[in-house]
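Protein chains: 2
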Amino acid sequence: MKRIEVIQNIMEANETIAGRNQQLLDRHRVFAINIMSSPGGGKTSLIVQTMARLKGRLKIGVIEGDVASTVDAEKVQGEARAVVQINTRNMPESCSLMAAMIESALNEMPLGDIDLILIENVGNLICPSEFILGEHKRVVISSLPEGDDKPTKYPLIFVDADAVIINKMDLLPYLDFDIAAFRGSVSGLNPEAEIFQVSCKTGEGMEGWCSWVLEQVGSHATER
Amino acid sequence: MKRIEVIQNIMEANETIAGRNQQLLDRHRVFAINIMSSPGGGKTSLIVQTMARLKGRLKIGVIEGDVASTVDAEKVQGEARAVVQINTRNMPESCSLMAAMIESALNEMPLGDIDLILIENVGNLICPSEFILGEHKRVVISSLPEGDDKPTKYPLIFVDADAVIINKMDLLPYLDFDIAAFRGSVSGLNPEAEIFQVSCKTGEGMEGWCSWVLEQVGSHATER
Numbered sequence: 010m011k012r013i014e015v016i017q018n019i020m021e022a023n024e025t026i027a028g029r030n031q032q033l034l035d036r037h038r039v040f041a042i043n044i045m046s047s048p049g050g051g052k053t054s055l056i057v058q059t060m061a062r063l064k065g066r067l068k069i070g071v072i073e074g075d076v077a078s079t080v081d082a083e084k085v086q087g088e089a090r091a092v093v094q095i096n097t098r099n100m101p102e103s104c105s106l107m108a109a110m111i112e113s114a115l116n117e118m119p120l121g122d123i124d125l126i127l128i129e130n131v132g133n134l135i136c137p138s139e140f141i142l143g144e145h146k147r148v149v150i151s152s153l154p155e156g157d158d159k160p161t162k163y164p165l166i167f168v169d170a171d172a173v174i175i176n177k178m179d180l181l182p183y184l185d186f187d188i189a190a191f192r193g194s195v196s197g198l199n200p201e202a203e204i205f206q207v208s209c210k211t212g213e214g215m216e217g218w219c220s221w222v223l224e225q226v227g228s229h230a231t232e233r
Numbered sequence: 010m011k012r013i014e015v016i017q018n019i020m021e022a023n024e025t026i027a028g029r030n031q032q033l034l035d036r037h038r039v040f041a042i043n044i045m046s047s048p049g050g051g052k053t054s055l056i057v058q059t060m061a062r063l064k065g066r067l068k069i070g071v072i073e074g075d076v077a078s079t080v081d082a083e084k085v086q087g088e089a090r091a092v093v094q095i096n097t098r099n100m101p102e103s104c105s106l107m108a109a110m111i112e113s114a115l116n117e118m119p120l121g122d123i124d125l126i127l128i129e130n131v132g133n134l135i136c137p138s139e140f141i142l143g144e145h146k147r148v149v150i151s152s153l154p155e156g157d158d159k160p161t162k163y164p165l166i167f168v169d170a171d172a173v174i175i176n177k178m179d180l181l182p183y184l185d186f187d188i189a190a191f192r193g194s195v196s197g198l199n200p201e202a203e204i205f206q207v208s209c210k211t212g213e214g215m216e217g218w219c220s221w222v223l224e225q226v227g228s229h230a231t232e233r
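Going down the list, the protein sequences come from chains A and B. The opening residue of the first sequence carries number 10 in the working numbering; numbering runs sequentially from there. The opening residue of the second sequence carries number 10 in the working numbering; numbering runs sequentially from there.
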C-alpha cells in the first residue's frame with residue numbers, strides 16, 4: 010500500500026509542476042515538444058536536422074536528457090540558441106525526464122529569446138510515457154531496425170503521441186519492416202497521430218515534419 | 010526521505026528473492042542467463058538462434074518479459090522446453106523484470122527437465138540494470154543501428170554485464186559504427202566482459218557465442 014501511495018504522490022506532484030511549466034512557456038510564447046524514442050532511435054539527429062532546416066525561421070532551444078554523458082548536448086550546441094543538459098543518473102527516476110527537471114532547466118534558458126524548445130527525453134519507450142513535462146506536443150520516433158512490432162509491445166507511448174516519426178527509412182532495403190503494418194498498429198492505438206516517414210541521414214521526409222512543426226508553433230503563437 | 014526509504018526496501022526485497030531464485034535453480038542444476046537490450050536490439054532473435062544451434066545438446070526454457078503482448082513468446086515457442094510470458098504493464102516496475110516475477114515464473118517451469126533458462130528482459134537499457142533476478146550471467150545486446158556511443162550514455166548496464174553482444178553485424182556497410190571505439194568503451198567500463206560480434210539474421214558469429222554458453226552451463230554443472 011505504501012508503495013502505491015508514494016507512486017501516486019509522485020505522479021500528482023509531477024502533473025502540478027508540468028502545469029506550471031506550461032504556464033511559464035505560454036507566458037513567454039514558447040512552444041515545447043517532448044521527443045521520445047528507444048536508445049539510438051534518432052532523437053539527437055532529428056533535433057540537429059530540424060534546427061538546420063528551421064534556421065532563420067525559429068529560435069530554438071534544446072533540453073538534453075541522458076542518464077549519463079554530454080555527448081548529445083555537444084552535438085546540438087552549434088545551432089541552438091541555448092542548450093541545457095540534464096543527467097538523470099542519480100535522480101529518483103533515472104529512466105525518464107520529469108517535470109521538476111524541466112522546471113530547473115527552464116530557469117536556465119533565455120525564454121524571451123526562444124520560439125521553440127525541443128526536449129530530448131531519455132532513450133526509453135516505457136518510463137517517459139508516464140511523465141508529462143509541460144510540453145505542448147509529444148513525439149515518438151520509432152526507427153526501422155527496431156522492428157515493426159513496437160506499437161504492439163510498447164503501446165502506452167504511442168497512445169499519447171501527437172506525432173510518430175518512422176526514422177532510418179534509408180535502411181528499408183536491408184530490413185524486414187512492414188510499413189503498412191506499423192502504420193496500422195499506430196492508427197489502431199491512436200487514430201489522431203500524425204505519422205512521418207523520414208531519414209535523418211539522407212534528409213528524406215524532413216520537409217513534411219518541419220512544416221508540421223512550423224504549423225504547430227504558428228498556431229500556438231496566434232492562440233495567445 | 011520516504012521515497013528513498015521505499016526504493017531501498019524494494020531493492021533489498023529484490024535481492025532476497027533473487028538469492029532464493031538462484032538457490033532453487035542451483036538445486037535443480039539449471040543455469041540462467043538474463044538477456045537485456047534496447048527495444049528491437051535482437052533479444053528474441055538471439056534466443057531463437059541460440060535454441061536452434063543448441064538443439065539436442067541443452068534443454069532450454071525461456072522466460073519472456075514484455076510490457077504488453079505475447080509476440081515474443083509465440084516466436085520462441087517452437088524450440089523451447091517451456092515458455093513463460095510475463096507482462097509488466099500493470100506491475101509496480103513496468104520497465105524491468107524483477108526477482109519476484111521470476112520466482113512466479115520458475116514455479117511454472119519443469120525445472121527437472123531444463124538445463125538452461127534464457128530470460129528475455131523488458132526492452133530497456135536503464136531499469137534492468139538495477140534489478141538482479143537470480144541469474145548466473147548477465148548479457149547485454151547492443152545493435153549497430155543504435156550507435157557506438159551506448160556504453161557512454163548507459164554505462165551501468167555495461168558495467169555489470171558478463172558478456173556484451175554486438176548484434177546486426179550484417180548492417181555494418183550501411184551505418185557509421187566504429188567497432189573499435191565501441192569495444193574500447195565497453196572494456197573501459199568493464200575489462201572482464203566477453204564481447205561477441207554477431208548477426209542473428211545471417212548467423213555470423215553465433216558459434217562463438219554458443220560455445221561460450223555451453224562452457225558456462227558445463228562449468229556450472231560440474232561445480233554442483
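Do not take every clue at face value.
[To be verified] Facing chain A, according to a computed beta carbon distance under 7 Å, are these residues of chain B, among others:
#: 1; residue: S103
#: 2; residue: C104
#: 3; residue: I135
#: 4; residue: P154
#: 5; residue: L181
#: 6; residue: C219
What the hints contain is simulated information worked out from the structure, not anything from laboratory work. Where is the CB? At the ideal position from N, CA and C, for every residue including glycine.
Notebook entry, point to check: For this structure, which hints from the list above don't hold up?
Noted result: As far as the earlier hints go, 5, 6 are violated by this structure, in ascending order.
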